[in-house]
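With the hints as constraints, model all of the structure from the sequences given.
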Amino acid sequence: MNIKPGRDKALKFLSGLRSLSGLVFKKGDKIMKLNYEIYRRKVRACFVGKSVGGTLGMPYEGPVQVNNVTYYDPVPNEMVPNDDLDLQVTFLEILMREGLPVSRLKLGDLWNLYNSGSLPDEYGVANANYRKMIYAPLSGVYNNAFHSGMGAAIRSELWACLAPGDPELAVRIATEDACVDHSGDGISAIRFLAAIESAAFAENDLNKLIETGMRYLPEGERMKNAFKDTIAWWNETEDYIRVREKILEKYSVENWTDVTINLSFILLALLSCENSFDKAICHAVNMGHDADCTGATVGALFGIMNPDGIGERWTRPIGNSLVLSCNMTNMAASASIDDFCDEIAFCCEKIQEYYHSAVSFESLPADRKQYVIPEPRAAASDDIPYEQSEALITDEPLEVRVIYPEAVAYMPGGENKFTVHLINNGDKPMSGSFSIGTSQNVICEPRGFSYSLKPYEEEKFTFSVEKPLCRVRINVNKVVLAFITNGLKWSCSFGFPDARVYHVENLDTGEKYDVNVPGSAFTVPAGRYRYTLNFKLAAMREIRLSHNGKARMTVYLNGERITEREADMKYVPAFHRGSVTKVTPKREHNVLEIEFNNDREREAFIEFGSVGDCGIWLTDVECEK
Numbered sequence: 000m001n002i003k004p005g006r007d008k009a010l011k012f013l014s015g016l017r018s019l020s021g022l023v024f025k026k027g028d029k030i031m032k033l034n035y036e037i038y039r040r041k042v043r044a045c046f047v048g049k050s051v052g053g054t055l056g057m058p059y060e061g062p063v064q065v066n067n068v069t070y071y072d073p074v075p076n077e078m079v080p081n082d083d084l085d086l087q088v089t090f091l092e093i094l095m096r097e098g099l100p101v102s103r104l105k106l107g108d109l110w111n112l113y114n115s116g117s118l119p120d121e122y123g124v125a126n127a128n129y130r131k132m133i134y135a136p137l138s139g140v141y142n143n144a145f146h147s148g149m150g151a152a153i154r155s156e157l158w159a160c161l162a163p164g165d166p167e168l169a170v171r172i173a174t175e176d177a178c179v180d181h182s183g184d185g186i187s188a189i190r191f192l193a194a195i196e197s198a199a200f201a202e203n204d205l206n207k208l209i210e211t212g213m214r215y216l217p218e219g220e221r222m223k224n225a226f227k228d229t230i231a232w233w234n235e236t237e238d239y240i241r242v243r244e245k246i247l248e249k250y251s252v253e254n255w256t257d258v259t260i261n262l263s264f265i266l267l268a269l270l271s272c273e274n275s276f277d278k279a280i281c282h283a284v285n286m287g288h289d290a291d292c293t294g295a296t297v298g299a300l301f302g303i304m305n306p307d308g309i310g311e312r313w314t315r316p317i318g319n320s321l322v323l324s325c326n327m328t329n330m331a332a333s334a335s336i337d338d339f340c341d342e343i344a345f346c347c348e349k350i351q352e353y354y355h356s357a358v359s360f361e362s363l364p365a366d367r368k369q370y371v372i373p374e375p376r377a378a379a380s381d382d383i384p385y386e387q388s389e390a391l392i393t394d395e396p397l398e399v400r401v402i403y404p405e406a407v408a409y410m411p412g413g414e415n416k417f418t419v420h421l422i423n424n425g426d427k428p429m430s431g432s433f434s435i436g437t438s439q440n441v442i443c444e445p446r447g448f449s450y451s452l453k454p455y456e457e458e459k460f461t462f463s464v465e466k467p468l469c470r471v472r473i474n475v476n477k478v479v480l481a482f483i484t485n486g487l488k489w490s491c492s493f494g495f496p497d498a499r500v501y502h503v504e505n506l507d508t509g510e511k512y513d514v515n516v517p518g519s520a521f522t523v524p525a526g527r528y529r530y531t532l533n534f535k536l537a538a539m540r541e542i543r544l545s546h547n548g549k550a551r552m553t554v555y556l557n558g559e560r561i562t563e564r565e566a567d568m569k570y571v572p573a574f575h576r577g578s579v580t581k582v583t584p585k586r587e588h589n590v591l592e593i594e595f596n597n598d599r600e601r602e603a604f605i606e607f608g609s610v611g612d613c614g615i616w617l618t619d620v621e622c623e624k
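Under numbering that gives the first Met the number 0, the letters of the sequence shown match residues 0 to 624, in that order.
Everything labelled a hint here was simulated from the structure, so no lab data went into it. Hints may contain errors.
As the list claims (entries may be wrong) - Okay, the calculated beta carbon distance ranges per label pair:
hint	residue 1	residue 2	range
1	Ala334	Arg576	30 to 36 Å
2	Lys227	Asn305	24 to 30 Å
3	Arg40	Asp204	15 to 21 Å
4	Lys511	Arg96	53 to 59 Å
In this text the structure is predicted, and so the values were computed from the model without any measurement. Here a beta-carbon is modelled for each residue, glycine too, at the ideal position from N, C-alpha and C.
Next up, the structure:
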């Protein structure tokens with residue numbers, strides 16, 4: 000399938016590209032030299048373009064209508080703060096504080112230390128999972144209805160700029176980021192963009208860039224299918240608004256941050272822009288949906304490809320100041336875009352050396368800015384699995400992963416087996432033992448293991464968990480793994496939640512039974528049912544109750560009817576843009592009753608969040624028997 004020539008230099012996409020299910024990184028001689036000054040200019044233009052596109056699109060974020068944007072409205076006097084850039088600044092600070100390798104283990108600190116009070120969609124899920132001691136990549140999978148949102152795709156530029164001209168390395172480290180709060184298309188999206196943006200440091204041919212990015216999309220995946228359709232429809236019409244309509248007709252979902260829709264718009268903006276920065280960002284924003292993100296991503300890519308192509312009319316209003324959102328806390332961020340880019344360039348050199356990148360700099364200026372980061376603290380694993388019920392707990396002195404049972408939460412009467420996966424990434428043998436520590440009402444069998452690992456060897460150990468039925472179902476069951484390795488004593492820990500218990504009554508037959516639910520969503524059978532959840536709150540205060548799903552429901556709290564929801568309403572389980580009611584439960588015992596009346600089996604979603612802005616998921620709401 001080819002893209003036919005149009006008004007612009009048409010791209011040509013070659014179908015049948017090899018789908019990469021994993022990354023094979025080859026250490027060896029440098030195969031490409033990159034001029035440092037050109038690199039540095041491209042990095043700055045990348046983030047200037049990012050800021051311009053994000054500022055242009057911010058007023059249009061969310062609404063799904065077609066816009067008619069040609070310039071800023073309103074015209075800003077500085078860049079508009081945006082999570083698209085906030086999170087990349089934060090990740091760079093984590094990298095400079097913690098040192099290499101780039102690891103999901105450390106990047107997860109973002110959700111606990113730096114970002115507070117307002118965590119929408121997948122950010123909120125990841126934050127809640129980390130507070131439950133559920134770590135990446137499981138944190139991006141468990142209980143995450145937003146796993147295919149735009150939150151990771153908008154963070155791709157940092158990883159591309161840290162691995163310029165080396166798409167495989169860019170994809171590798173970008174995946175470490177994305178798996179913290181995404182899975183599926185949400186991870187594929189950042190891999191696609193990181194590959195394109197990295198390659199753009201050495202290649203300006205959009206045909207080749209798109210081809211490079213497509214290699215990292217699995218065949219048959221919704222996103223890759225959407226991209227193929229977008230290209231074919233552009234060939235037929237050369238009308239980007241008409242193609243937009245076709246994309247939505249076939250791939251539309253209820254969530255406007257859906258990454259497949261928004262990346263299809265990004266691809267379409269590239270196809271239709273006639274190699275013009277102005278048209279590219281305006282076309283992206285004019286297609287609506289997550290318009291600040293699509294505009295920012297297109298602007299960043301064009302900045303890398305053509306650092307001189309961003310006109311002064313775009314750059315003058317936003318200036319050079321680095322402006323972050325007010326909910327970013329504990330930050331020691333750079334004051335300017337220039338300083339931020341200097342830090343990226345410094346870290347890039349360290350990453351090239353540490354990962355034995357296929358690219359190195361030439362013509363390094365002696366007066367370039369230097370910083371101090373810690374020496375590498377661990378060996379980088381060549382095996383970076385994601386998309387599974389596994390969590391990375393630590394990477395030193397051994398790499399420790401925990402494989403969870405399918406439900407993740409403890410299910411009474413279920414098969415609650417956990418597997419500890421030990422990997423020796425070093426060149427010396429590691430031997431010893433570890434014991435499993437839990438609260439007294441958690442029974443583990445066995446309670447410990449011995450191990451002996453040769454260099455680069457790995458081994459798995461499985462134990463089962465049993466808990467007596469307690470009055471309270473808690474959100475965090477902490478498990479401590481206490482190791483002795485070559486005489487050294489050390490420990491690491493993880494957690495798992497208890498399943499919630501709903502007391503169910505069939506209102507037609509009177510039958511009563513209990514249902515254990517491992518997450519926020521559950522399936523309700525056809526007919527008339529009452530689901531009762533008993534819970535307590537740590538402190539009496541106003542909170543948000545999210546009552547979402549496709550089921551028709553009437554909700555009562557402590558006997559008072561608080562809301563009713565019809566079947567097949569828009570299902571976006573967020574605390575700031577879904578079906579939400581503010582309530583003030585009692586501090587002690589509360590009874591939440593949900594009555595369902597449905598013609599067929601449907602899904603329901605019940606969760607608790609804080610009040611204010613986007614809110615955060617609450618972990619001090621505990622289910623009672």
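The hints, checked one at a time:
In this structure the hint that Ala334 and Arg576 lie 30 to 36 Å apart at CB holds, the actual value being about 33 Å. In this structure the supplied range 24 to 30 Å holds for Lys227 paired with Asn305, their Cβ-Cβ distance being about 27 Å. Separated by about 19 Å at the C-beta atoms, Arg40 and Asp204 satisfy the suggested range of 15 to 21 Å. For the pair Lys511 and Arg96, the beta carbons lie near 54 Å from each other, so the given range of 53 to 59 Å is met.
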